[in-house]
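Chains as they are written, first to last, in this note's numbering: chain A, 1 to 492; chain B, 1 to 1078.
To be clear, the hints were calculated from the coordinates, so they are not data collected in a lab. Any given hint might turn out to be false.
[To be verified] Subject to a maximum C-alpha distance of 25 Å in a straight line, what follows is the list of computed SDA-like cross-link-like pairs (lysine to any residue): (1) B:Lys-978 x B:Glu-378; (2) A:Lys-124 x B:Asp-748; (3) B:Lys-1030 x B:Glu-226; (4) B:Lys-620 x A:Val-3; (5) A:Lys-335 x B:Asn-922; (6) A:Lys-345 x B:Asn-503; (7) A:Lys-335 x B:Gly-375; (8) A:Lys-11 x B:Thr-1044; (9) B:Lys-621 x B:Phe-640; (10) A:Lys-5 x B:Met-749; (11) B:Lys-857 x B:Asn-274; (12) B:Lys-978 x A:Thr-74; (13) B:Lys-898 x B:Tyr-991; (14) A:Lys-32 x B:Lys-635.
So the chains spell out like this:
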Amino acid sequence: ATVYKDFANYKSILAKLYAGFAVTGQQGPAGKPDVGGIDEGASNYVRTYWTLQEIPTDEAVVAWNDPGLPVINTMLWAANNDMTKAMYYRIFYQVTAANEFIRETTDAKLEERGITGANLEAAKKYRAEARFLRALSYWHALDLFGSVPFVTEEDPIGAFFPEQISKENLFAYIESELKAIESELVDARQNEYARADKAAAWTLLTKLYLNAPVYIGQNMYTESITYAKKVIDAGYQLENDYDELFMTSNDKSNEIIFPIAFDGMRTQSYGGTTFLTHGAVGGDMVASDFGIDSGWGGIRTTPAVYGLFSGAALENDDRANFFTKGQTLEIEEIKTFKNGYPITKWKNVNPAGEAGSNPTFVDTDFPMFRLADVYLMYAEAVVRGGSGGSIAQALDYVNALRDRAYTDGAGRINNSQLNLGFLLDERARELNWEGHRRTDLIRYKLFTGGEYLWAWKGGLKEGTSVPDFRALYPIPSDDLVANPNLKQNNGY
Amino acid sequence: CFLSFSGNAQDHYSAKVAMATTAKASGQSVSSKSLNDVLVSLRNKYGIQFSYKAQMAKNLQLQVPENLETDTNVDALLSKILQPNGLSYKKVNDVYIIQKNAAPVATPVQAAPAKAVNAVQEQTVRGTVTDGAGTPLPGVAVVVKGTTRGTSTDLNGTFTIAVPANATLVFNYLGFTTQEVPVGNQANLNITMQTDTKALQEVVVIGYGTQKKSDVTGAVTAVTSEEFQKGQVTTAEQLITGKVAGVQITSNSGAPGSGSRIRIRGGASLNASNDPLIVIDGVPVDNDQIAGSANPLNFINPNDIASMNILKDASATAIYGSRASNGVIIITTKSGTTGDRMRLNFSTQHSLSTVNKEIDVLGADDFRKVVMEQGTPEQQALLGDANTNWQDLIYRQAYTTDNNLSLSGSVKNLPYRVSVGYLNQEGVLKTSEFERVTGAIKLTPTFLDDHLKVDVNVKGAKTKSRFADTGAIGAAVAFDPTQPVYQDTEFGGYFEWTDVSGNPITIATRNPLSMLEQKRDKGEVFRSIGNVQLDYKFHFLPELRANLNLGYDVSESEGITRSPGTLAAEYYERGSVKEYEEDRTNKLLDFYLNYNKELPGISSRIDATAGYSYQDFLVKKPAFATFRDNGDVRKEADPFPFETQNTLVSFFGRVNYAFKDRYLLTATVRRDGSSRFSEDNRWGTFPSMALAWRIVEESFLKNSAVVSDLKLRVGYGITGQQDISDNDYPFLARYTNSDNASMYRLGDMYYLLLRPEGYDANLKWEETQTYNAGIDFGFLNNRLYGSLDYYNRKTDDLLSVIAVPAGTNLTNLLLTNVGSIDSEGLEAVVNFVAVDKEDLEWTVGVNGSWNRNEITKLNTVKDENSVGVLVGGISGATGRNIQIHSVGYAPYSYYVYKQVYDESGRPIEGLYADLNNDGIVNDADRYRYKNPEPRFYLGFNSQLNYKNWSLGMLMRASLNNYVYNNVYSNNAAYDVFKAGEYLGNLVDNVYETQFNMRQYESDYYIENASFLRMENINLGYNFGKVLNDKANLRLSASVQNVFTVSKYKGLDPEIAGGIDNNFYPRPTVYTIGLNLEL
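Just chain B, same shape as in the assembly:
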């Protein structure tokens, strides 16, 4: 929201007096601050913006209670600040107008400026200020330029002011463009203020521009910094976990710096990426996995982020055309403010992470018992004397420190913000580490009388990761608990399974601790993203702006993986030392023209944008040889280093039209050309249209005491998808080279192989059509507010990998456009200010979404016998899949046998229902049972503020998501310990099933993994002013991943993709933090 300061600045003397008395009467601890300081701190805290005359606000001193920082509601806070100071605010069109209570209307003050009279000739100017429609505007600030002298208009929009000769009057009113008018010798001035549409209200960043929230016609959610997740947040997406309806963020694992799977409305694609497009300060970033980094988003410091805007439906995303099918997340970083003094913010956080659950495996004694009862004498002879808990050994308590320092303010007309951050995070799995140094500079100067706005961003991060061998997690479950950790061996002093010759058994489970401690897998990534954005408002036609945005996103990674020959797995090859490098260079050029005009004659406002965009992505990976410990070459470097490039060229346009401020229309179109498709299919057009009706502005509701906001939105659009993960040339007939371990001998020479690649010359965009209907509502002065959205989405020409007729292509599985997915969903958000008292405030918010996906077509040929495409490889047997894409079912449905149970409810080993009643149970009896995606997804948050204390929490729930427990299916059978010339441990679940052999495809292992997770509890205390009133100090404590309620038997019910195996546990994180602001 925007705050406007308008008021009679000439009253500031009396205001001071008034404050002093009020403050004393209240008996509270108070301090004196200028209105300017108050507004700036509000801005910093809430990420809001306002326009005001800095000089006026600086001179107005307010007495401010100390405990205000804990408030989160702007309205309440303003009341608290303003009331004791004899000020109040009025909300007009969501604009805060700050006024002096019962102030005499615009009486020119004679006394103070009297001295000036001596020097300069005075004259009195009278006038009326009106808006574009001729309506008088009360409360417009009228100030003599370069002085503190001013007044404001009365209820009739009139003003009277004494001015020196040759004075210029500045008229300032929030929501309107500030005007400067030279007085000359005029005694009467009639001023028409021009609406500044951009500045009128809370704005939402919508891609190539911003929009007033009230004008938004699509499904867009803005999350600003005050709503961000608190506690130890390492990567940007965690800031909004559980906060936005329809957005599911599932961290891939508990590994430090690891990424998350972000799904907006469940994703619209099958084989193409389902990740949303992420745009940071106007630069759409490369969302691919970067070598040496666990997460493409972990290079941006979450502390630098001011807001995240999530564009969900096609009418909102279509401006991004071919990359918009899975939603768009627009990240805006913090910036400095014009006229602000330098502010320093330092925060430090320290966390301890612990593993809160391990898999129940047989202890040494139980395992010995099983082997003695069921094993052969040879197997029994393999038992050891130790009692080792391998899981305890591989995990640790891990420490994290996260420190951030930022400076922001303005040097003359140059607002700046500079920040540095340092994060050092240990993982709970031993040896995993993540270290990050970030820096960001943002400059937002204006030139040419504010006609040219410049926005310069440079962000850089250097990350260093050490990746633990996560195979150790599975090995710790499966390793024989009767064996010791260490032994006098050639394997670095660790116990390993060996054969009769003392050599390690290739297929045996490896010592998990050795896997961690002996392997060094380190990666370093430097990534920088930045842009220069020039926004020029034409002097001769201020309604027209030209915007040029030049951006880049580059990364350089390098890493080295060392597996010494003392690691059992590398014993025969005598070690492996392998380097890698990857350079990514993405360039961006955007240019657009924006025309924004009020047409009062027809009560209309039009905002039109047309632009061009060019983006190029280049990836290079040099080749390296693999060496042995002794420096011998184990594998020569590939003769042909990897390089790939793709380019996207786009034209886009958007028209926002508002009639009477309540009937809103948005139409967009984007035409994209991608180098990933042949010339015939290169171009795609993606249109959208949306309408909104601000019912609350209608006469029958405008004065309602109950309904404070009501808006109806409907939209339709077509978006595309072209993100075909690792192939930039899928339409081209081309030959590729093999590496040098895949050569063939002809005569006495070995030849690299030239392979003709499979291709689909007719490949084109995937297209998603989305219908969206939504209501935004607010009741009781928005004490209760929220929104409800329904969407229906159909993706056609899915970029799918399917079996092509044998003999027709140079591959059996081809990426082609085939198939459709239908999905629909409901999203609801309700926020409620439950208590709104002076010292006590409690707000709660609930968001929920329901989503359903179904594949409606999958093949070029209609065939009822089509089983579908098997996906979802599992651990345990090579090549086995547990999921399937089939027509009529959700993607990634589990494809299993129906387990038969005995009377006591125990699964009968190997007995499955003969579902097709043909007398035999074979592959034809597998059925599709459940899928990994939740049907319902809920978030619940609460914020309680009491005096200097604040208490926040966030809970998430997921319902009807199913997980395949691969840990159980692979480790819960007596057969498991009879692995060969070595033993393997079992999980406790074997007591329940009593299975002898593994039954990978039983639906017994498909478990309901619905859960309720207490994601975060945080407590803060604000000490207020410290260090001789120079600084503000806040302490906080938080716990993340507090507890999880679920019937799921495995480690964690929240498994992206639904196959639980080797899962790096999400730790519980205890954090204390300190924030100091100077």
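Same shape as in the complex, but just chain A:
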């Protein structure tokens, strides 16, 4: 395409690849969508990812009646579910757009177009970042859908039927891609804001390896520790005040490894942090406290998560952000906002309480990866028997988070408390409503089955067992029809 003749365009094409997580199309907040046939705002990448990772779990329920949404609460989705379809097509939009960019920026093509010197160096970085973003989306595909159609830059735009790749091969592909670009990406913490660097790739590798038993049936905790250490050693620092991680100023944070950037004026969509902030405000909550014009009255958490902050923790743990006034703890009706406690962590204000640039669209960035998550992954990989790390180190990392949450070291735990169960709960406390819960529960084999029940799991208020096949979402029926090479996940 002729746009690649002018190097000035490259950054705008790269920006599109990043923006695919934040906005829904070429017109903000909605219009000219990247993905069609689905409500644009509801299908925003971060919003949909968050929805599929949080709504079926104990961390959240949502009141709204959007097509396909209520059954995410109750884990009763079918193959033509709108939400899973939205996620699937967002993922493949990202993959295809990245493929296009990678295809158009090969060394040969760059040379052919006369891109040289600093521009050439920059273009190669962009290409490596495009490969990272593609790997990230393929990881989402692996985690959410398992075996999916597989296309790379070797598959130009056209009419063909992509082959379905096995989970093993997809895992290997993501791993090889991340390792291949490790040297090409900008060093950790050295890239421009919101662009991926080496640490972003390492974090993803840490996650990939930690969950390898789920994806390919192999323990790779040692590898997980290796990459977690690389991230930790890169010099990230925990934010002093936990709450500020979710405010408009979080672009200044040294804890966030890879953010999805939002801006009330320039990066508008009905997803991302706009959704997270508005969605959790309703009832007796005062919208202006959150820097927004008004709440959408949708998302709350279940009693199970409230229960993770027992007794004094409710008062003392900075991460216990429940709004209780006028709300009930129990969720009698999912669609009644006042049933269940909303989480107040997402805000469109800065630490001084000043509202963001726009009362409708939120300025706060979404931390896709942050240091606390890596600390907890390190600890879990160590506890699960990976080598290369130590329990003592793991305890230090966990206590660093506990120290931040509590004053005067009141939250510290000891060696004997550092077990897998604690770590899962700690992840829910630390990373609540950040889009990790489903993956965590699956790794602990608690997402499906009847061992752990929470409100409305399986469609009953008290919760009920859910068959194991629901650990993977179905391939959308649209694509099964369009692509005869695809086989549906078991159970659907």
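Given the coordinates of chain A, work out where chain B should sit on it, guided by the hints.
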């Protein structure tokens, strides 16, 4: 039809005498008019044309009864005019030949010209006039050029006339080319008249030319001005609503100036446009929505239209090739007549529109009761003390005035028509308004001894619209009736729902009256369409014509939408002021050669056309910033203004061949090249062929007293479709820029996004094959006439938006050529002159059509599990669709759950049939149930004339069309009032269903919306001559949308697209009008 005046002009003295006596004897009120005047007024009234010698007709004075204007049947009218004047007419080949009763055959008059003898040497010329086949022609007018002296041929085609020296004789006979022959010193002249095929009969405009109606081989319907809908008609398409079989015109809403959805035979496309091509005076116009205007057709003044020709089948439309799949409407405007004096026509109409139905919602007391019984204390606390009927508040009686003035006539050889119109229409929804000024000039001069005909058209319109926020319609249904309209608030003094901090609740229903009164959304459009058409008949080869048509269609729109910060919806953003502009420039060049030749030796006639056409469409939209009330920039202007262009280049040809005037063949071909497709797929060829047999001309029927017309037509053709609404480059790999609210931050900079667009490099035309068979019939001298058509149509390579395999394109939904639709239909028209008496005449007409559409293919992969493509978004829940395109079903079939009912017939909430018997009710149990398009569509019209009175009416019926009642599905559940920190009203239907939660996907809401509508009743009275006999005055009164009979529970059963929500009601319109002709 054409009228021919032939007769013995030398008898005009005696004719005068004869009239005087007849008139007295009849005792009627009569006035004296020249035959010329009579013919001209007939032409003006009926849009018919005729050829005659103006001078002769002017000198022949007739006594004409006053009440004739009310007649609608030309035959009856002619009899009435001619008989008392000692004249009669004869119809030969549908040609009216006017003759003197029992006149002595062509006796040369000696007395009158005797004086001339003194001055000039006289000689007597004798001769015979024959047609091309050698048959003598009786009744041919033979006139000495430049005089009133003349005669006509007798039954043997012979004539005798005394002429001065060096005289030239003019031979004139309708249906034949007028000939001028210098006498010289010849005593005998044998003249062979050449057929003027164009002028022989009623003509139909068929695209790049005209055709005799009797020669037409395709499914074509001509509607002329006398058949147009009467009453307050604002836009052109309303003129033919209900008049033409197979043409369904559904006004989009009752908003002033709003457009209509026109479907000819139900449409042949799925995602591409189903709108017909509209050609105005030879210029195919841009049918896209123009910014600032509600309707692309509302710039043309309906009063300027002389005829609308509807081309329905492929054999008729294929000459328009790639744009013809959904039919063609050819609009011809009125023109002046050669030799006519200046005529002035003034009409004024005044209308009152009223809303005749509102949605039944709970009144304040009932609503209070429901909230007190079912609401929480918090909800009960929200109740107000007022008793507000919000629907009453948003509607009003609306006044419309429509005034038109036209001047037409001829200055020497320059026929002209100039008209101006002014329309000011209020909408029944408060604040909606439409104002239009139109002007049109048409000049039709001829040069070079009639060899060069020039047709110049300039039409212009300026429209000003104020668009009401139609969201107020839904808000008025949903707003809590216990709340007051006004309150001392920051919201312009209107009551609004607020949260604990006093800020408006974002998701709450807005005060409907505030939405209307505070928002100012105004648009102005100037549009002009015009052309110069040069038609040159070669001097050395008069059978050959060259026609050059240069046309344009330009529009400039601008508008501004102001939503002040006092509007609750704009409160947080502190107002929104946004301008817009749009310029459209379309250019046209057509050139064709036409060869038209009688071949008497082989009883044949051939008419061949070959041409070239170029049309270019350019759209530009500059970008504007959005501002707040205080002038701050709310959103910067987009850095890249919108611009798009597409070009269509075509070659076309047509051959009409007639053998013995009864075996007719038409073959056309068009080759189109469109810039919308890649070079490999750019060109498409669209052929058609049709045959017709005029059975009535066969010997066994020719003399039948019963059968007056019988023609059989069969045709086949392939047409195309390339109208892909808003994308001119769907085949190109291209990158587009984002706007500045969709940027992304990298480092400290925000970047506009460059997006690679999805595309299909192999995109090509959609192709429709149509078979058509039809019969035209007429009985009892066409007292009963009509036609019957059957068509079968198959569209392949449908331009459809489908899901493509993930990973293969830069979009999940791609416009590509996939799928097929089959459709078939029957159309019938019958017109009947029920009473045909001197003072009383009654004609009735019925038309009906039956249509069936089915998608037969929709995907590249055959898969029985394919659900289809969901379409038809509904109001209430984001992203929810209620319709589906599926193989084996009609497009836009409803896709719903099957409701289960209790013993008393009440729907059981949330209980649906487990259609696949798998034990659970989920998405897989949705089924396809009915569709919005009617199976049968009927029109019925009647015209009754009694003396000076006329009474007309039009009824329409639609059967088996289904509507999804989104107003009910969204407002008829008790849950609705528990909206949050505010209350929402319910519709009465909740008493019937007793639903607690909304059940959007229940088939309960799919209602049979068959209807019978009394579209129009009009009454006219003709005062005849007023103002010292100088003017003719007619008064009329009409009612539109008189009543509708339907079982449908919503506001109006006629909903284009089938999803009833926020429908702007069609008002009942009472109109009085006055027409003055000088």
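Hints violated by the structure (listed by number, smallest first):
Per hint list: single violation, 8.
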